[in-house]
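S.K.: Residue strings, one per chain:
Protein chains: 2
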Amino acid sequence: MIICKKISAVRDIVKEQRGQGRSIALVPTMGYLHEGHLTLVEEARKSGAFVVMSIFVNPLQFGPNEDFARYPRDLERDAKKAEGAGVDLIFNPEVEEMYPAKNLTHVEVDELGDSLCGASRPGHFRGVTTVVSKLFHIVQPDRAYFGQKDYQQYLIICQMVKDLNFPIEVIGVPIVREEDGLALSSRNIYLSPEQRAEALVLQRSLGEAENWFRQGERSALTIEERIKELIRNESSGEIDYVEIRSAENLHRVEQIEGKIFIALAVRFGSTRLIDNKVLEGM
Amino acid sequence: MIICKKISAVRDIVKEQRGQGRSIALVPTMGYLHEGHLTLVEEARKSGAFVVMSIFVNPLQFGPNEDFARYPRDLERDAKKAEGAGVDLIFNPEVEEMYPAKNLTHVEVDELGDSLCGASRPGHFRGVTTVVSKLFHIVQPDRAYFGQKDYQQYLIICQMVKDLNFPIEVIGVPIVREEDGLALSSRNIYLSPEQRAEALVLQRSLGEAENWFRQGERSALTIEERIKELIRNESSGEIDYVEIRSAENLHRVEQIEGKIFIALAVRFGSTRLIDNKVLEGM
Chain P
1 MIICKKISAV
11 RDIVKEQRGQ
21 GRSIALVPTM
31 GYLHEGHLTL
41 VEEARKSGAF
51 VVMSIFVNPL
61 QFGPNEDFAR
71 YPRDLERDAK
81 KAEGAGVDLI
91 FNPEVEEMYP
101 AKNLTHVEVD
111 ELGDSLCGAS
121 RPGHFRGVTT
131 VVSKLFHIVQ
141 PDRAYFGQKD
151 YQQYLIICQM
161 VKDLNFPIEV
171 IGVPIVREED
181 GLALSSRNIY
191 LSPEQRAEAL
201 VLQRSLGEAE
211 NWFRQGERSA
221 LTIEERIKEL
231 IRNESSGEID
241 YVEIRSAENL
251 HRVEQIEGKI
261 FIALAVRFGS
271 TRLIDNKVLE
281 GM
Chain E
1 MIICKKISAV
11 RDIVKEQRGQ
21 GRSIALVPTM
31 GYLHEGHLTL
41 VEEARKSGAF
51 VVMSIFVNPL
61 QFGPNEDFAR
71 YPRDLERDAK
81 KAEGAGVDLI
91 FNPEVEEMYP
101 AKNLTHVEVD
111 ELGDSLCGAS
121 RPGHFRGVTT
131 VVSKLFHIVQ
141 PDRAYFGQKD
151 YQQYLIICQM
161 VKDLNFPIEV
171 IGVPIVREED
181 GLALSSRNIY
191 LSPEQRAEAL
201 VLQRSLGEAE
211 NWFRQGERSA
221 LTIEERIKEL
231 IRNESSGEID
241 YVEIRSAENL
251 HRVEQIEGKI
261 FIALAVRFGS
271 TRLIDNKVLE
281 GM
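As given, the protein sequences belong to chains P and E, one line each in that order. According to the numbering used here, the stretch in the first sequence is residues 1 to 282, in order. According to the numbering used here, the stretch in the second sequence is residues 1 to 282, in order.
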C-alpha cells in the first residue's frame, strides 16, 4: 500500500494503473477508520479496481464552533486498517496541499443542503461538495463509495454528480453498526460510557418507528413525534431533528409512500450523533 | 467532422480517440462562429489533439432581461466554418440534454465574478462556471481554449480550474479584431451601421490609453476618466464600466504596475459590447 501526501503523486500512480487497464475506485474519508469505512473498501474491491482511500479532515465542512481541531486523527492506525482491508493507495494531503492559496471556488447543491444537517451546520454541505469535487478531479475514479449513515450527504453527492455530469458512478453503502446497534462513527469516541449507553436510543427508536410503520402507521408527523417522545423519555439526549423525508429528493413527506428515510440527529453533551433508517412504503 | 447532440455519443467518441492515444482539446462556444472562435480552433489544433467544439447557448448565463432568445444561432453555417477550421467534433446539445431536470448544482467563484461584467450581469459567471464544469466533465479534455475578449471570464475559469483541481490546462487566446479594430463578437450583428461605426471608439480609446501609459501616466483613475471622456465625446455609447484591474487577480489598481488590463463595457442601443487591453507595467 502506498501513502501519498501530494496531488501530483496520486495523479501519476492513478494514471499508471489506468494505463494498465485497471479501473479506479475512490473511498473518501476523514480517517479514524472504523468498520463502516472498511465496508466501503470491501465494496470497492469487489469491482477489481485500484482502491484509493482519501483521508483528509476537510476544514471547509466544519463550522467555526465545530470539532475540526479535535476531530480524531491517527494515520498510523488508519494505515494498518486500510492495508488490512485491501486499500491500494492512501491519499493523505495536508490542508495546504488541498487549499494552497485562498480558495475562491465552491460547488453547491441548492435545496438539498438546506434542511436536516444543513440547517444545523450552515456551509457544511458546501464544504463537502467542494472537497469531493476536488477529490474527484484529483483521483478521477470510475466509482466512488459513500456510507449511507450520512444519507443526506449521499443524496447531495448523487445530485451533484448528475447535475455536473461527473463521469463517476456513486455507490451508497448501508450503515454499519456495533453489535448493540449504535451506528459506527468516528465521533463515537467522544462519548462518555453513560452517553454511549444512552445513545442506543437512536437505533431503538428507529426500530420502533419501523414497527409502527409495519403496523400501518403512515403519518410522518405521528411517527416523528413518537420518536421524539421516546428519545426524550429514555435519554438525556437533546434532539436536533427527527424528520421523515423522501429518500429520492429529500422532500418533506406527510403520508409515507414510496421510498423514505427517517433521519435523526441528537446531541449527547457536546457530541452530535446522526442515524437513519430507509423504509419502502407501498 | 462529427456532430453530436447527445452527451453519451460525445463520451464514446472521445473515449475511442483517447484509446488511440490522442489528446483532447475543447473549444467551448455559444456558436455563431467568427474568426475569434476559429483562432481558438487553430491554437487547439497545434497540439495535434482531437478538437471538440461545443456549441451551446447556455440559458443559465443569461439574465431574465438579456438576449437568450434572440442570441444568433445557425448550426449549418457554424458547421461549415468549424469543419473548414479543422474541428473534429461539434457537440451541440439541446437545452434538455444539458439540463434534463431541475438543475440544483452550481459552481461559483467568489469575488472575481462580483465586479465588471458580473456587477452588470448578476448570476452570469455562475452560469458560465457551471456549464463549463459540465462540459469539462462530458468532454474531459486535456486542454481548453478561451478567448481573452472575455478576460474576466478567462481569469474566473483559470481560478476555478486551479481551486477545484480540474485536470485540464486552460489556454487564453488574445482578442481577434476586424480590420478596422472592432473586437469580434457574435453580438456585433445586432449593431446598426451607425452603431457599428461608433463602436470603433472602444478600440480607439484603448489604443489612446496605451499611449498615455507609454508616455508615463500611471494613475488608473486618470486613465479611466480620460477613456470615459473620449467615449462620451466621440459616441452616443452609454458606458457600463471602464476599469483598470490586475490581470492576475482582478483586484482594483490605483497605480499601474505589474500586469493589468483595461476593461470596458459600453451599450450602443440595446447592444452591450465589451473590449479590453492587457498592459504590462514596469
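Derived from the structure by calculation, the hints contain no laboratory data. Don't take each hint at face value.
With a straight-line cut-off of 25 Å between C-alpha atoms, the simulated BS3-like cross-links for lysine-lysine are [said to hold, decoys possible]:
| hint | chain 1 | residue 1 | chain 2 | residue 2 |
| --- | --- | --- | --- | --- |
| 1 | E | K149 | E | K162 |
| 2 | P | K15 | E | K228 |
| 3 | P | K162 | E | K6 |
| 4 | E | K149 | E | K102 |
| 5 | E | K81 | E | K5 |
| 6 | E | K102 | E | K46 |
| 7 | E | K80 | P | K102 |
| 8 | P | K5 | P | K162 |
| 9 | E | K81 | E | K162 |
| 10 | P | K259 | P | K149 |
| 11 | E | K102 | E | K6 |
| 12 | P | K149 | P | K15 |
| 13 | P | K6 | E | K162 |
| 14 | P | K162 | P | K228 |
| 15 | E | K5 | P | K162 |
| 16 | P | K162 | P | K6 |
| 17 | E | K259 | E | K149 |
| 18 | E | K102 | P | K162 |
| 19 | P | K81 | P | K102 |
| 20 | P | K162 | E | K15 |
| 21 | E | K102 | E | K15 |
| 22 | E | K228 | E | K102 |
| 23 | E | K5 | E | K15 |
| 24 | E | K5 | E | K162 |
| 25 | P | K81 | P | K6 |
| 26 | E | K15 | P | K259 |
| 27 | E | K80 | E | K102 |
| 28 | E | K162 | E | K228 |
| 29 | P | K5 | E | K162 |
| 30 | P | K102 | E | K259 |
| 31 | P | K162 | E | K259 |
| 32 | P | K80 | P | K102 |
| 33 | P | K15 | E | K15 |
| 34 | E | K6 | E | K81 |
| 35 | E | K15 | E | K46 |
| 36 | P | K46 | P | K102 |
Please read these numbers as outputs of a predicted model, since none were measured by experiment.
S.K.: Now tell me if each hint is right for this structure.
M.R.: Evaluation of the provided hints:
With a C-alpha separation of about 21 Å, the suggested pair K149 (chain E) and K162 (chain E) falls inside the 25 Å cut-off, and the hint holds. A threshold of 25 Å between alpha carbons decides the hint, and for K15 (chain P) with K228 (chain E) the separation of about 52 Å lies outside it, so the pair is violated. Of the supplied pair hints, the one linking K162 (chain P) and K6 (chain E) holds, its CA atoms being roughly 15 Å apart against a limit of 25 Å. Restraint check for K149 (chain E) and K102 (chain E): the C-alpha separation of about 31 Å exceeds 25 Å, so the hint is violated.
A hinted pair counts as satisfied when its Cα atoms are at most 25 Å apart, and K81 (chain E) with K5 (chain E) qualifies at roughly 18 Å. About 39 Å separates the Cα atoms of K102 (chain E) and K46 (chain E), which puts this hinted pair outside 25 Å; it is violated. Of the pairs offered as hints, the one joining K80 (chain E) and K102 (chain P) is violated, with about 44 Å between alpha carbons and a cut-off of 25 Å exceeded. Taking the CA atoms of K5 (chain P) and K162 (chain P), the gap is near 29 Å; set against the 25 Å cutoff, the hint is violated.
A threshold of 25 Å between alpha carbons decides the hint, and for K81 (chain E) with K162 (chain E) the separation of about 32 Å lies outside it, so the pair is violated. Annotation: proposed proximity of K259 (chain P) to K149 (chain P) holds, straight-line Cα distance about 16 Å (limit 25 Å). Using a Cα cut-off of 25 Å, the hinted pair K102 (chain E) and K6 (chain E) holds, with the two alpha carbons roughly 18 Å apart. Of the supplied pair hints, the one linking K149 (chain P) and K15 (chain P) is violated, its CA atoms being roughly 32 Å apart against a limit of 25 Å.
Note on K6 (chain P) and K162 (chain E): the hinted pairing holds, with a Cα-Cα distance of about 15 Å set against a maximum of 25 Å. At roughly 35 Å between alpha-carbon atoms, K162 (chain P) and K228 (chain P) are farther apart than 25 Å, so this suggested pair is violated. Between K5 (chain E) and K162 (chain P) the CA atoms are separated by roughly 18 Å; this keeps the pair inside 25 Å, and the hint holds. The straight-line distance between the Cα atoms of K162 (chain P) and K6 (chain P) is roughly 28 Å, outside the 25 Å bound, and the hint therefore fails.
At most 25 Å may separate the alpha-carbon atoms for a hinted pair to count; K259 (chain E) and K149 (chain E) meet this at roughly 16 Å. Annotation: proposed proximity of K102 (chain E) to K162 (chain P) holds, straight-line Cα distance about 11 Å (limit 25 Å). Between K81 (chain P) and K102 (chain P), the direct Cα distance comes to roughly 34 Å. Violation of the 25 Å bound is thereby established for this hinted pair. Our distance criterion of 25 Å between C-alpha atoms is met by K162 (chain P) and K15 (chain E), whose separation comes to about 19 Å.
Proposed proximity of K102 (chain E) and K15 (chain E) is contradicted: the alpha carbons are some 28 Å apart, above 25 Å. Restraint check for K228 (chain E) and K102 (chain E): not satisfied, since their Cα atoms lie roughly 42 Å apart, outside the 25 Å limit. With a C-alpha separation of about 17 Å, the suggested pairing of K5 (chain E) with K15 (chain E) holds against the 25 Å cut-off. About 29 Å separates the Cα atoms of K5 (chain E) and K162 (chain E), which puts this hinted pair outside 25 Å; it is violated.
Among the hinted pairs, K81 (chain P) with K6 (chain P) is consistent with the structure: their alpha-carbon atoms are about 21 Å apart, no more than 25 Å. Between K15 (chain E) and K259 (chain P) the alpha-carbon distance is near 36 Å, which puts this suggested pair outside the 25 Å criterion. Taking the CA atoms of K80 (chain E) and K102 (chain E), the gap is about 34 Å. The hint is violated against a cut of 25 Å. For the hint linking K162 (chain E) to K228 (chain E), the alpha-carbon distance of about 35 Å lies beyond 25 Å, and the restraint is violated.
Proposed proximity of K5 (chain P) and K162 (chain E) is supported: the alpha carbons are some 18 Å apart, at most 25 Å. Distance hint between K102 (chain P) and K259 (chain E) is fulfilled; the C-alpha atoms sit about 20 Å from each other, no more than 25 Å. Distance hint between K162 (chain P) and K259 (chain E) is unfulfilled; the C-alpha atoms sit about 39 Å from each other, more than 25 Å. The straight-line distance between the Cα atoms of K80 (chain P) and K102 (chain P) is roughly 34 Å, outside the 25 Å bound, and the hint therefore fails.
Using a Cα cut-off of 25 Å, the hinted pair K15 (chain P) and K15 (chain E) holds, with the two alpha carbons roughly 15 Å apart. This hinted pair checks out: K6 (chain E) and K81 (chain E) have alpha carbons roughly 21 Å apart, not beyond 25 Å. This hinted pair checks out: K15 (chain E) and K46 (chain E) have alpha carbons roughly 21 Å apart, not beyond 25 Å. Distance hint between K46 (chain P) and K102 (chain P) is unfulfilled; the C-alpha atoms sit about 39 Å from each other, more than 25 Å.
Checked against the numbered hints above, the structure breaks hints 2, 4, 6, 7, 8, 9, 12, 14, 16, 19, 21, 22, 24, 26, 27, 28, 31, 32, 36 and satisfies the rest.
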